[in-house]
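A.B. asks: In order, the protein sequence lines correspond to chains A and B. Each residue of the first sequence is one higher than the last, beginning at 1 in our numbering. Each residue of the second sequence is one higher than the last, beginning at 1001 in our numbering.
Note that these hints are calculated values from the structure, not bench results. Watch out, some of these pointers could steer you wrong.
What the hints assert, rightly or not - Below, in silico cross-link-like pairs of lysine-lysine (DSS-like), each with a Cα-Cα straight-line distance of 30 Å or less: (1) K42/A / K1083/B; (2) K69/A / K58/A; (3) K57/A / K1044/B.
Quick caveat: nothing in here was measured; it's all calculated off a predicted structure.
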Amino acid sequence: ILNVEQSPQSLHVQEGDSTNFTCSFPSSNFYALHWYRWETAKSPEALFVMTLNGDEKKKGRISATLNTKEGYSYLYIKGSQPEDSATYLCALPIPYNQGGKLIFGQGTELSVKP
Amino acid sequence: EAGVAQSPRYKIIEKRQSVAFWCNPISGHATLYWYQQILGQGPKLLIQFQNNGVVDDSQLPKDRFSAERLKGVDSTLKIQPAKLEDSAVYLCASSLAALMNTEAFFGQGTRLTVV
């Protein structure tokens, strides 16, 4: 069974702080990694889909890196804003011939205070 | 394009009652998922459909949960009878293709409280 771990479970920062959190996963049989942002009362939305070791992706103030050999991905938020408050989920897909579903970590809940 | 639609948004029921949730995926998305997210945990897959066939329902508590996807489009998830531990957010998602290189699209979820 694929085990996806995220840390920390929650994070409280001040507006303007930069922050980062981690997603850890077994390095064997890696196919891809997804990051989703889930704001309260909204739908989870995809931030990044990453597939290659060493991949770095960026969307505005948010960026992510991927190390498939050691089994981790970091999500960075530069200059946090209150609107960044959300739960950040990472998930790994398993191949379609094994079901094709996403296996989620427990999420990191970020709260940014003005 | 329209997103994944779910209803209702919130539901409060007493234990042993029944409840049903509805999902309309993005048009053209063959794969539909129902996830259960209990507070403090990550979403867990309950059932996955490919068109109107079930791909994976290994974690669906079949003694009380049922789901169907008639005509390969809309889907309903039912709980009968509900237990206190069923209190959770139920998320519906759909995808166009296998999730190796493409994302899943989620609805806003239904927050169920069983009292």
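A.B. asks: Run every hint past the structure and note whether it holds.
C.D. replies: Now the hints, each set against the structure:
1. In summary, the hint linking K42/A to K1083/B is supported, as the alpha carbons are separated by about 26 Å, within the 30 Å threshold.
2. Distance restraint check for K69/A and K58/A: the Cα-Cα separation of roughly 21 Å lies within the 30 Å cut-off, and the hinted pair is therefore satisfied.
3. Between K57/A and K1044/B the CA atoms are separated by roughly 26 Å; this keeps the pair inside 30 Å, and the hint holds.
In this structure, none of the earlier numbered hints is contradicted; all agree with it.
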